[in-house]
Amino acid sequence: MAGAAAAGAAQRPPAAAAVAPAPKVQPEIEASVAAAEKQAEDKGKRNVFTTTILPLVLVLLGVLVLSYPMVAMQWNNYRQAKIAEQYASIIQDQPQAKVYEGLEHAEEYNRQHSNGPTYDPWTGGVDLKSPEYQEYLSQLALVDTMSQIVIPSIGVNLPVKHGTESDTLDSAIGHLFGSSLPVGGESTHSVLTGHTGLTNSTLFDNLTAVKEGDAFYLNTYGRKMKYLVDEIQVVLPDKTDKLGIQEGRDLVTLITCTPYGINSHRLLVTGHRVPMDPEEETRAFTKNNTIVWTWWMILTVVAVVLILLVMLILGARAIYRRMKKN
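Here the sequence shown is numbered in my numbering, starting from -18 and rising by one per residue.
Quick caveat, the hints were computed from the structure, so don't treat them as lab data.
Be aware that a few hints might be false.
When the alpha-carbon atoms are kept at most 20 Å apart in a straight line, the in silico SDA-like pairs for lysine to any residue are as follows [said to hold, decoys possible]:
{"#": "1", "residue 1": "K205", "residue 2": "I71"}
{"#": "2", "residue 1": "K205", "residue 2": "Q77"}
{"#": "3", "residue 1": "K205", "residue 2": "Q120"}
{"#": "4", "residue 1": "K192", "residue 2": "T239"}
{"#": "5", "residue 1": "K205", "residue 2": "L84"}
Modelling step: build the complete structure from the supplied sequences, incorporating the hints.
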C-alpha cells in the first residue's frame, strides 16, 4: 500500500509553478526620464533663443539706433517747413493795414541803415541789449518769424528769424543784423545765414549744390520775391566786404560754413531780384515739403537695407535647417 501510494505520488504531474508578476518601472527611473526630456526641451528653447531670437532683437535695436538720427532730422525738417508755411498763413490773416505798415517801416529802416554788416555772423559780436539792436527787433515783428525762404533746387523751405544767435540758428535761418531787412528794393542787400552739419536739422547743408542760374524765393509779410543766383564764392570769415550794398541793386546773400565739418571758410551764394509771374509765384510757395537727403542719410539707408537683407537670409536659412531636421 505504501509502495502504491508512493508510485501514485510519483505519477502525479508536478504542480504548476506560480507566474512571477512583471517588474514595475522604478519611480526614480520615470522621474529621470521626465527630467531628461524636459532638459532636452529647455535646451532646444535656449538654442532657439540664443541662435534666433536674441540676435534678431539685437540687430533690430542696432537698426533703430542707426536710423534714429535720420528719422529725427527728417521730422525736424518737416516741422520747420510747416512753421514756414504757417507764417505765410498767419500773415495772410492779419489786417492788411498792419501788414502794409510793417513793410513801410522796414523800407524806411533800410533807407536809414545803408552801411551794411562789417562782421562775420558766427564770430562777430553784437550787443543784444543795445538800443540799435532793440530797434532792429521791432521791425517785421508781427510774429516771431520775419520771412520765409524757399530754395526749390535743394528742397529748402524754412522760416527766417531775427539775428544770428545760436538758439535761432539751431532751428531756422537767421537774418544778419546790420544788413538790409528782406523786403527788397533798390540799393539793398539782405544777408541770411544758416548752419551746415547740425545733427538734428538739414538747414543749409545742401547749399553747396546750388548753382548759378538757380532761383530762390522770399516771402516777407506777403511780399513774394524771386532772386536769381549770379555769384558763388568761398571766402575767409573776415572777408565781409562782399556783403555790402551795391548801388541800385536788390541783392540777397545766403551764407553757411564750409567745408562740411571743418567750417574754416564761408560759402556766399548771392542772387539779384528778378520779376516773377503769378503762376510761378504760386508754384514756388506750394508743395515744398520735400524730403532733403544728405550723403550720410543715404549711407544710413543703404546700411539698414543691407542689415535687414542679411537678417532675412539668415532667418530663412535657420528655418530651412530646422524644417529639414524635423
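Consistency of the hints with the structure:
Distance check on the hinted pair: K205 and I71 sit about 15 Å apart at the alpha-carbon level, within 20 Å; holds. Using a Cα cut-off of 20 Å, the hinted pair K205 and Q77 holds, with the two alpha carbons roughly 15 Å apart. Proximity of K205 to Q120 is assessed by CA-CA distance (about 18 Å); at most 20 Å being required, the pair is judged to hold. Taking the CA atoms of K192 and T239, the gap is near 16 Å; set against the 20 Å cutoff, the hint holds.
Our distance criterion of 20 Å between C-alpha atoms is met by K205 and L84, whose separation comes to about 12 Å.
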